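First to last, the protein sequences are chains A and B. Just so it is clear: in the first sequence, position 81 is 81 by full-length UniProt numbering, and no numbers are missing. Just so it is clear: in the second sequence, position 18 is 18 by full-length UniProt numbering, and no numbers are missing.
FYI, nobody ran anything at the bench for these hints, they're computed from the structure. Among these hints, one or two may not hold up.
Which copy? The list can't say, so a pair holds if one copy fits it or any two copies do.
[As the list claims (entries may be wrong)] Restricting the straight-line Cα-Cα distance to at most 25 Å, the calculated cross-link-like pairs of lysine to aspartate or glutamate (DMTMM-like) are:
id	residue 1	residue 2
1	K41	E13
2	K62	E35
3	K41	E70
4	K41	D78
5	K62	D50
6	K11	E44
7	K41	D61
Just so you know, these numbers come straight off a predicted model, no measurement behind them.
Okay, here's what each chain looks like letter by letter:
2 protein chains.
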Amino acid sequence: MARVVVDVMLKPEILDPQGQAVANALPRLGVSGVESVRIGKRIEIDFAGDADLDRAREIADKLLANPVIEDFTVRVSDGDA
Amino acid sequence: MARVVVDVMLKPEILDPQGQAVANALPRLGVSGVESVRIGKRIEIDFAGDADLDRAREIADKLLANPVIEDFTVRVSDGDA
Chain A
1 MARVVVDVML
11 KPEILDPQGQ
21 AVANALPRLG
31 VSGVESVRIG
41 KRIEIDFAGD
51 ADLDRAREIA
61 DKLLANPVIE
71 DFTVRVSDGD
81 A
Chain B
1 MARVVVDVML
11 KPEILDPQGQ
21 AVANALPRLG
31 VSGVESVRIG
41 KRIEIDFAGD
51 ADLDRAREIA
61 DKLLANPVIE
71 DFTVRVSDGD
81 A
């Protein structure tokens, strides 16, 4: 079994209100020094056989990411990331 | 500026209907060989100075993850993951 990880994040020019809400809450919790927080998706795809990056890219493009507002990266999982 | 990445995933024993929906859609798209899909969150925290893993862990624990149903990992971003 092989695992491919797809990370989907909003494009840098797209506002991320969810991340901003977290960033704005931090000072109230006594946490300073954080410049920005951005929240996206992490998808783990387990293949029965070998990891198939091309197939994973196809899945990400068709089902997981909205290419108008999101960028995604595809990589074979190295176990701990 | 230093970036810390927090990955939040549902615990393995918790059902993930969103991931299952994607997995079930794959055969209809002509994609076979995928055993399972699980969908979680990826949060990028940018620190003004050095990356502070302990602080990031505190933020994840308080704001980003629900420890009853989710596990999270915290790591300094190595640039491309």
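Structure-based check of all given hints:
no.	hint	result
1	K41 x E13	both (17 Å within a copy, 20 Å between copies)
2	K62 x E35	between (33 Å within a copy, 18 Å between copies)
3	K41 x E70	both (10 Å within a copy, 14 Å between copies)
4	K41 x D78	both (18 Å within a copy, 18 Å between copies)
5	K62 x D50	within (21 Å within a copy, 37 Å between copies)
6	K11 x E44	both (20 Å within a copy, 13 Å between copies)
7	K41 x D61	both (14 Å within a copy, 18 Å between copies)
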